[in-house]
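> The lines below spell out each chain.
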Amino acid sequence: MGLDREAVAHIAALARIRLTEAELEPLAAELSQILTWVEQLNEVDTSGAAPMASVAGSGLPMREDLVTDGGCPDAILGNAPRSAASGGGAGFFAVPKVIE
Amino acid sequence: MSGSLTALSLAEARDGLGRREFSARELTESYVSAVEAARPLNAFITETPDHALTMAEAADERRARGMTLPLDGIPIAVKDLYCTKGVLTTAGSHILDGFRPPYESTVTDKLWQAGAVMLGKANLDEFAMGSSNTTSFYGPVENPWRKQAQRHLGDNRPLVPGGSSGGSAAAVAAHAAVAATGTDTGGSIRQPASFCGIVGLKPTYGRCSRWGVVAYASSLDHPGPMTRTVRDAAIMLRAMAGHDPRDSTSAPLPVPDYEAALTGDIRGLRVGVPREYRADGMPGEIEALWRQGIEWLRAAGAEPVEISLPHTKYALAAYYIIAPAEASSNLARYDGVRFGLRVDGANLDEMYELTRAAGFGAEVRRRVLIGTYVLSAGYYDAYYLKAQRVRALVARDFAAAFERVDCILAPTAPSAAFAIGENSDDPIAMYLNDVFTVPANLAGLPAISVPAGLSAEGLPLGLQIIGRAFDEEGVLRAGEVLESAAQFRHQPSFVAERR
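Residue numbers (the working numbering), protein chains in the order written: chain A, 1 to 100; chain B, 1 to 499.
One chain only, chain A, in its complex shape:
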C-alpha cells in the first residue's frame, strides 16, 4: 500500500506531530516501503486464529477499589514544564488557553 503526501499529513495530524512540507515526500516513501513489506502477512491463512493481544493469562486481576497511592501533588507537578499553585495548595498543570 502506497501512502501519498496527503495521507502522511493526515496521519501526522492524528498523531499530533507537526511535519514540514519538505518532510512529507521522504516520509511517504519510507512509510510506503514499510507498509508494502508488512503486507507479506496477507500470504498467511489466519482464518483459524483469534487475534492475540497478549500472552498474559486472560482476565485482569481484581483488587479492592481503594486509594493505594497519592497525596503528593508537589512530586507530581515537579516535572511539569509549567504549573500553577492553587489557593488550596493542590496545584495545576498549566496549558495554553483552551476556552475563549
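No lab work stands behind these hints: they were computed from the structure. Careful, some of the hints might be misleading.
Covered by chain B, per the in silico footprint, the following chain A stretches (three or more residues, Cβ under 8 Å) [unchecked claim]:
id	stretch
1	17–29
2	42–51
3	90–98
Label pairs and their in silico Cβ distance ranges [stated by the list, open to error]:
id	chain 1	residue 1	chain 2	residue 2	range
4	B	18	A	79	37 to 45 Å
5	B	376	A	29	13 to 21 Å
6	A	33	B	376	16 to 24 Å
7	B	100	A	6	55 to 63 Å
8	A	100	B	426	46 to 54 Å
9	B	243	A	6	43 to 51 Å
10	A	75	B	493	43 to 51 Å
11	B	270	A	22	42 to 50 Å
12	B	245	A	73	18 to 26 Å
13	B	20	A	50	37 to 45 Å
14	B	21	A	70	45 to 53 Å
To give an idea of the chain B side of the interface with chain A (calculated C-beta under 8 Å), a few residues [claimed, not checked]:
id	residue
15	99
16	206
17	320
18	333
19	336
20	338
21	348
22	352
23	376
24	378
Nothing here was measured: the structure is a model prediction, and the numbers come from that model. Just so you know, even glycine gets a beta-carbon here, dropped at the ideal spot from N, CA and C.
Add chain B to chain A, keeping to what the hints say.
Here is chain B on its own, set in the frame of chain A:
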C-alpha cells in the same frame, strides 16, 4: 588488587566480598574509575558516582553487622528506560528532557533492596526503538570490540553495540559495570549481548515487572539482566523477578533459586533445531556456529530434534505492526504538559504538535506514524488484527514444538556487529537484525543469548536458547552448558581497566 577488581564476574565479586578480600567501597571505586575510563564509548547518559559510593558504604556497614544481602556491593548499570527516583531518566529521548521520576521502578527497587550499587544510567536507542543504539538523542554508543587488525581489510570503523540496550551491553563488555539491566521488546537484550560478547537473558513475559519501565510496546516489553556469565544472569534474575501487583500482567509465581538450577546436567534434554531459522542468505559462519552449538549440546548428552516453526518468516512483519501500534498509543503521553520538553504554540494542539515534532527522533516518529496508521479507521482489521492473528500462529508453533522438545537452539542474530552508520538509510535492513529474536517476544518465551564464537573478522557471535514459559531454569541450565563448551575467553579491544 584494585586494578583487577573490574575483571571479576558478579559471582566472583560477590564471593570476594564475602571473603573480605576487598570492600564494596574498593570495588565501587574501581568501577567509578572504569566508568570514567569508558567515556569514549558513550555507554552512559548519566553517571552517578556519589550515589554509588554512598550505596557501597551502606553495603559495607551491613556486612560488618552480619546483615549481608544477596547483591550487596555489586555495582551495576541501569538502562535509562528504568525510572530511578530523583535521577534523570531520559529513555534516550529529547522529549524527556530533565525528567526526574518521583518513583522507582519495581525492578530497580528490588535490585537496591538486594544491595546492588547504581553506577549510572546506560545509553539506549530512543524509547528502545532500534537495533544499533544509533537513534539515541545522546549519541551513538560504540562497541568495545573492533575488527581484528589483520582481518579488517582496511575498514576499522567503530562498530555498533547492537540495540536497544547498547549502553548496557557495552558497559558490561568493557568492564565498566559488573552487570546491567536491559529490556527486550524484539531482541533488545539478546542482540546487543551477541554483538558485545556477553550474556543476555530475556525472561518470560510477566516474570519481571514492567512497572516504572518507560513503555515502548507493553505486550512485548521484557525487563531482564545482561551479564558476563550465565551464572551472573541467574543471580541477577533472582533479584529482579517476582510478582508485582502494580503490573497487571506480572505473574503471581514464586521465584526459584536460578543459580541452583545450574547443574551442568542436560542428559536426555531434547533440543529443538527449527528448520525455518535457516533463513535464505544466512551467512556461512553463523550456520557453522549453530551446527557447532548442536554438537556441543549433543556431546553433553542432549538429543537434538529437528522441529518446524512454520510461521517464523512472518513474525518480523507482525512485530513491525504490533510494536508500532502499541508505541503510538504509549507515546501519546508525551505532550509537553506533565513532564519533559515543551515547545510553546498558539493553542493547545499546536503546542502538542510542535513539542512532539521537536522531541521525537526520526525512528520514533516513523514508528508512531506507522502505529497511528495501522490503528486508524479502515485499516485496523487489515493490519493490526491481521498481525495479532499471525502472532497467535507464531505462539501456536512454539506450543506445538514444546510438545516434542524441552528447549530450542538458534542463532541470536543474523550477523556480527556492523559499523556505525551502516544500515541506517534503510529501515527494513535494520529491522532484519531482529529476525531470530522477535518470535520469542511475540510468544513471551524466555530466551538467553550466550557468546559462542568469533566471526571471521574477530567479532563475537551469540547462540540463543529459547525455553518454555517460566522455565528460565531450563534455559539457564542449557545456556551454561553451551557457555562451558564454547569456552569464550576473548576480550574486546577496549577494556576499561587497561586504559
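> Could you check the structure against the hints above and give me the numbers of any it violates, in ascending order?
7, 11, 13, 18, 24
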